[in-house]
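Sequence order for the protein chains is X and S.
Sequential numbering from 1 applies to the first sequence in UniProt numbering.
Sequential numbering from 1 applies to the second sequence in UniProt numbering.
To be clear, the hints were calculated from the coordinates, so they are not data collected in a lab.
Hints should not be assumed to be uniformly reliable.
Partial selection, computed: residues in chain X whose CB lies under 10 angstroms from chain S [stated by the list, open to error]: (1) Thr105; (2) Ile113; (3) Ile195.
Partial chain S-side listing against chain X, Cβ under 7 angstroms, derived [what the hints assert, rightly or not]: (4) Gly104; (5) Arg156; (6) Leu159.
All C-beta atoms in this analysis are idealised placements derived from N, C-alpha and C, irrespective of residue type, glycine included.
Here are the chains, one letter per residue:
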Amino acid sequence: MDRHLDFQDIPHGTMQTSALLDIESDSEMTSSQTKMTENPLEESIGASSQKTQFWSFGFFQNLFDVDTDQVLSRLYGAVVPYPKSFLQHHVNGKPDLYGPFWICTTLVFSIAISGNLANYLQAAGDVDYHWKYDFHAVTFSATAIYSYAWIVPLGLWGVLQWMVPEEHRLSFLDLLCLYGYSLTIYIPVSVFWVIQLSWLQWLLALTGASLSATVLVTSIWPAVSQIQTQRYVVLGVVLVLHVVLAAGFMLYFFHASPVSEKTVAETVTSVLVNNSSKSNSTVSV
Amino acid sequence: MNENADARVEVYDDYGVEGEMSIPGISRSKTLGEPDFDTLDEPIRETVLRDLKAVGTKFYHVLIPKEKKSLLKEWDLWGPLVLCTFMAMVLQGSADKANSNDGGPEFAEVFVIVWIGSMVVTMNSKLLGGNISFFQSVCVLGYCLLPTTLALIVCRLILLYPQSKVLFFIRFLVTVSGFGWATYASTVFLGDSQPVGRKGLAMYPIFLFYFVVSWLVISHTAL
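Next comes chain X alone, as it looks inside the complex (with noise of 0.2 angstroms):
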């Protein structure tokens, strides 16, 4: 006790080494700093322990919550039409955002990127061709794509809602991952749509179709089928877009029509403007 009572007689050369151990251990600090900020694992781990505290960003990392064995083969089974359905034996009320999404963007991309490509092999032919690559193929293949990924799940989760006892209702969270998941099949598709043979055209799409519409209708059917009378009406409509879809990709990017793009939107709009000149004729008249 005595010998802190005395610390005002420490000699000056001890204060100063003190100051320079203040210093020393100031330094270590910002080193361990520094290497806090190099180490992107620590210091993020603070960051996102404090992101879930939103309930949104748990919310959504909960959706994305898959490893890559699990989304591949939910790929596999979303693909290739197993016995027991895509929802009860590969989702397993898990369903994840994480593939729909990816999915819908890829193919929104292959889908412009190989539609372009298709449009540069079928003017290939010409002599005095000039190669025109139409980006805007993007926005019109991302428009189809989300909305169809969205829209349907919705308009058949609420007929399900509406129409199925509480208890064989599907969620809209697994709707959204079958009806996702279930465009796969269109990634390689879409690549083979290239080839610039119709009946090869026909047969993958129709080929993609049938195989992701098995995967769908085996996926819903055990709540589907409580519907009273018109189950096979909403089994129809179901099929029927999804068909509809598969035959709007391949006519609209792939396919060679006789006349070609260009030349349709002329005669339209010639059409539009010659109708509309006569109906302003015959209201001036």
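Following the hints, complete the assembly by docking chain S onto the known chain X.
This is chain S only, laid out in the frame that chain X set:
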């Protein structure tokens, strides 16, 4: 005697008020971010050059991706901004309709693809449980556009000559190597931030991102 004393006080006061920015004997640290570093009394040229140098070293690390942490230490968005603006300016379709031999994207569309794209890729890796801050990842993804930008410059130069199949093949090779390089570099920088079973899931969107950008580069044919 009295005057003398006043004068001394003045001198003392002057010294006390003015002070000195640097304390003699203690050497100032020269690196940014350390405690004694101060930028108040340095020439503005040094300040600007230091930032330029930081951007330059990041570009260098993208071209030779050896140190894994080099791009993660301090993020900035200058490099991505420069690269993105340059690409958007070169890639945009020509304005006059008469020369409508291009269906290329608008300036804003390239901008949106690069920034929203990198943000979506980052959000994806955050949602998968990646241990990296948002802007670090956006910074890395943006800087790794450098190889594709270089490919765009080379393609643009090749386009000045009359086109042939050989030249197209060369453009294709250049673009593919730019794409591979960008993907490899970003994989080196971002690969460690993911949990073991999810590396593939986090890497696939990065692959897709650079694939789309490279598609824009190879498809750009209008002068």
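Hint by hint, here is what the structure shows:
Evaluation of the X:Thr105 hint against chain S yields a held restraint, the C-beta minimum of about 7 angstroms falling below 10 angstroms. Annotation: X:Ile113 was flagged as interfacial toward chain S, and the flag holds, the nearest CB pair being 6 angstroms apart, inside 10 angstroms. For X:Ile195, the interface hint is violated, the least distance from its beta-carbon to any beta-carbon of chain S being 19 angstroms, above 10 angstroms. Because the beta carbon of S:Gly104 sits about 6 angstroms from the nearest beta carbon in chain X, less than 7 angstroms, this interface hint is met.
Violation of the interface hint for S:Arg156 is found here, the shortest Cβ-Cβ separation to chain X being roughly 15 angstroms, above the 7 angstroms cut-off. Against a cut-off of 7 angstroms between C-beta atoms, the interface hint on S:Leu159 is violated, since the closest Cβ of chain X lies about 13 angstroms away.
Checked against the numbered hints above, the structure breaks hints 3, 5, 6 and satisfies the rest.
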